[in-house]
Amino acid sequence: MTSYPDVSRETFRLRMLIFDTRYRSLTIQVVALIAFMLLVAWIVSNTVQNLADLGKPIDFGFLTGAAQYDINQTLIEYTNRDSHLRAAFVGLLNTLLVAALGCTLATVLGVIIGVLRLSRNWLVARLMTVYVELFRNVPVLLWIVFFMAILIETLPPPNAFRGENATASMLLGDSVALTNRGFYIPEPLFSRSLGDISVFGAFDISLDLIAFLAVLAAGLWASARIRARADRIQNQTGLRPTTWYLRLGVVAVPVLIVLVALGFHLGYPELKGFNFRGGIYMRNSLIALWLALSFYTAAFIAEIVRGGILAISKGQTEAAAALGLRPNRIMSLVILPQALRVIIPPLISQYLNLTKNSSLAIAVGYMDITGTLGGITMGQTGRELECVLLMMAFYLAISLVISTAMNWYDARVRLVER
Amino acid sequence: MSGTHAHSAAFVRDRMIPQEPPPDRSIGALGWLRQNLFSSWLNAALTLVSLALIGALLAAVLPWVVHSSWTANSLSECREQIKAAYGPEESGACWAVIRERWSQLIFGFYPSEIYWRPILAFGTALGGLAPVLFPGVPRRALYLTAAAPFLVPWLLWGGTVWLPVAVAFGFVLGYAGFRVVAPWAGGILGAIAAGLVPVLWWLLLAGKAAGGLQEILPLGIEPVSSRNFGGFMLSITIGLTAITLSLPIGILLALGRQSRMFIVKVICVGVIEFVRGVPLITLLFVAWLLLNYFMPPNTNFDIILRVIIMVTLFASAYVAEVIRGGLAALPRGQYEAADALGLDYWKAQRLIVMPQALKISIPGIVSTFIGVFKDTTLVSIIGLLDPVGFSNSIRADVNWNGIVWELYGFIALMFFIFCFSMSRYSMYLERRLRTGHR
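The listed protein sequences correspond, in order, to chains A and B. Under the UniProt record's numbering, read the first sequence as residues 1 to 418, first letter to last. Under the UniProt record's numbering, read the second sequence as residues 1 to 438, first letter to last.
By construction, these hints were calculated from the structure, which means they are not laboratory data. Every residue, glycine too, gets a C-beta built ideally from N, C-alpha and C. Careful, some of the hints might be misleading.
What the hints assert, rightly or not - Output of the computed footprint for chain A on chain B, the stretches with three or more beta carbons under 8 Å from beta carbons of chain A:
no.	segment
1	69-76
2	113-125
3	148-161
4	346-356
5	389-399
6	408-418
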């Protein structure tokens with residue numbers, strides 16, 4: 001600073017905006033901002049002009065109009081007299097349903113396959129490599145339509161289950177029926193039900209489910225407290241009290257009591273006429289989408305799991321063994337906590353990918369948000385801009401929530417070095 | 001020491017035992033089997049289960065593949081032929097559907113008398129890519145690389161030869177603008193001129209110039225409308241364009257995101273996060289329905305071009321994130337060393353930072369490219385006839401109603417070949433560029 005006393009007093013000239021590195025970045029930023037805003041303004045004014053010419057200025061009022069179409073798989077009450085907004089909400093719930101189902105199955109499959117790929121058994125490791133390469137290198141859309149076609153072409157129709165000499169039979173003690181229209185599985189029923197509670201008058205939530213979840217959460221919380229106490233005792237005395245039966249009981253007993261008190265039983269699907277009645281009906285489009293997304297994403301998760309385990313250096317295992325830990329303790333106390341730090345961030349971004357890929361539901365006719373809002377609603381009302389904007393906003397919100405969660409996790413487990 | 005020990009111990013061996021060969025059970029095929037397949041009871045069980053699984057799969061698939069029909073014209077005819085040839089209980093593959101629809105699955109509705117044009121176009125594209133991808137190819141082939149971006153679209157879509165010439169002339173103008181302005185007003189203004197002159201040329205004059213030249217000297221080939229594009233030709237057209245364009249755009253976005261200029265950074269972060277946050281299908285909806293609304297009234301440009309724009313945007317955002325990872329993985333010392341050498345920003349990026357950052361991010365970039373190529377199948381949802389779109393229309397055909405495995409198996413195999421070779425290439429590239437400081 002002291003060696004350049006004249007710099008600050010140098011008179012400012014216009015050409016310094018370009019040739020002086022102190023001002024150049026400012027110039028570039030202003031120019032970039034103006035150019036960007038001009039581009040946005042140009043697009044917006046074109047759009048407004050074009051839509052006005054077509055006689056449909058931007059207006060979200062169509063959402064309150066009657067939808068006038070049926071949705072074949074719904075989680076909440078819906079009739080074709082309901083509004084487009086409610087149809088979109090039904091689709092949104094369907095998206096979340098298939099995303100949750102898919103993430104669960106993909107994680108289970110992916111972890112198993114990833115671990116088996118590291119197996120010392122040559123044949124098993126090769127088989128799993130073939131699985132991963134096969135599913136990773138073929139488009140997910142192809143898998144979805146392929147699974148759908150297989151379900152339709154190879155499974156028996158419902159009427160094949162009928163009559164004395166039926167060609168198809170139900171599985172698992174007459175409780176599950178796999179047909180080409182979808183799967184019928186038993187549903188949980190409560191003979192002394194608490195009834196439903198209405199949320200904002202928009203949809204109903206079963207009080208039985210709330211009671212069940214509340215008791216389960218309380219049990220898990222109590223179990224965590226017991227474990228914390230055991231940790232404390234172990235830190236003080238070096239002896240860990242045996243708590244597994246206590247922890248199991250604290251979770252299982254209240255849940256069982258609630259289930260018995262509510263009169264829990266299963267409602268089995270039964271063949272009535274040409275179709276099945278009762279039970280939970282999962283349409284073939286949901287099944288195809290679920291299986292295809294899970295199998296496809298499982299291949300990626302398997303690679304993440306494998307990479308995560310390989311990333312932990314062998315010295316960690318050896319050091320733990322030198323401390324005298326037993327092999328399963330080495331896994332649970334040393335290897336897994338470190339591997340999870342590597343595994344979880346890409347795993348969560350795979351969940352995000354799966355959720356975004358579930359928008360391909362439109363190819364098999366599963367009514368997720370792309371099928372309702374971006375499909376039939378858009379086709380009926382001709383409101384392309386509004387529908388696409390709403391869809392993008394929904395998916396952006398999901399990504400934002402998930403990436404916030406990821407950043408939180410990342411910050412929590414980050415190695416603090418130096 | 002051995003001497004003192006020899007006095008106190010009862011027996012000390014003073015000669016090496018001759019080496020014995022390893023036991024038979026631990027070497028050769030038997031040893032390998034014991035070590036890799038039957039090392040424990042659990043492993044033995046897993047091996048047997050795997051063998052049973054492979055056996056069952058092969059037993060089901062092989063006869064089906066071999067007992068097939070190549071000549072039938074419908075699925076029912078296929079089944080009759082197979083029953084006549086291999087017995088009434090046999091069922092086999094009906095490869096005849098691939099034979100009958102082969103040209104559609106590869107070229108779509110492209111006029112059959114000019115199939116040489118797409119073939120030549122992709123040959124040119126491969127020839128142009130070869131010197132970039134492999135170091136063994138003669139450097140002279142780089143001329144083809146420079147010509148390919150203009151030659152390939154012209155061969156595919158046809159029309160007057162003057163349009164690609166006019167577009168290429170824009171780049172010549174840009175270079176000339178740089179050479180004229182730079183010595184007189186410095187490199188910065190030269191770069192601005194090199195960017196501005198071609199854009200003005202393309203927007204205002206190029207179309208008129210091409211039209212005028214076409215009137216003076218009509219040279220051209222038969223134009224083909226985008227409606228006739230389909231099959232794997234469409235997938236490769238969209239995929240290849242998006243892949244080649246997304247790399248430079250992705251690099252610029254990544255640099256913008258790392259930039260110290262706040263506004264540039266905010267714009268780049270906004271674009272990247274927005275594009276990565278929405279599914280590709282919504283961007284394709286934009287290309288299909290909305291992109292024409294964004295343009296001045298009464299513009300209507302080509303659907304394939306609109307799709308390519310959106311897919312490129314999509315790919316660029318993902319490539320940018322991968323490259324950002326590479327930039328972040330580079331030690332700070334590299335940036336500081338570049339500054340210490342007195343290199344300016346672009347020179348430092350070009351000579352020091354990018355070669356290393358790109359090398360680190362090769363696996364991620366290539367897997368993004370594979371993802372983009374696979375995602376080109378999504379265009380079937382907005383009504384373009386890529387292989388998946390064709391498979392739907394073939395399955396709706398009365399003759400082929402009910403065909404599943406053969407059709408999807410064929411399409412899956414083609415995609416597998418493309419994607420698998422891309423991933424192998426990335427492994428080869430990693431090996432080649434490994435300079436070995438480990």
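Now the hints, each set against the structure:
Counting residues of the segment 69-76 of chain B whose CB lies closer than 8 Å to any CB of chain A gives 0, which falls below the minimum of 3, so the coverage claim is violated. Requiring three or more residues with a Cβ within less than 8 Å of a Cβ of chain A, the coverage given for the segment 113-125 of chain B is violated, as only 0 such residues are present. Evaluation of the coverage hint for the segment 148-161 of chain B: breached, as 0 residues show C-beta separations to chain A shorter than 8 Å, against a requirement of three. For a cut-off of 8 Å, the count of residues in the segment 346-356 of chain B with a CB near a CB of chain A stands at 0, and the three-residue condition is violated.
Only residues whose beta carbon comes within less than 8 Å of a beta carbon in chain A count, and the segment 389-399 of chain B has 3; three or more means the coverage holds. Only residues whose C-beta sits within less than 8 Å of a C-beta in chain A count toward coverage, and the segment 408-418 of chain B has 5 of them, enough to reach three; the restraint holds.
Checked against the numbered hints listed earlier, the structure breaks hints 1, 2, 3 and 4; every other hint is satisfied.
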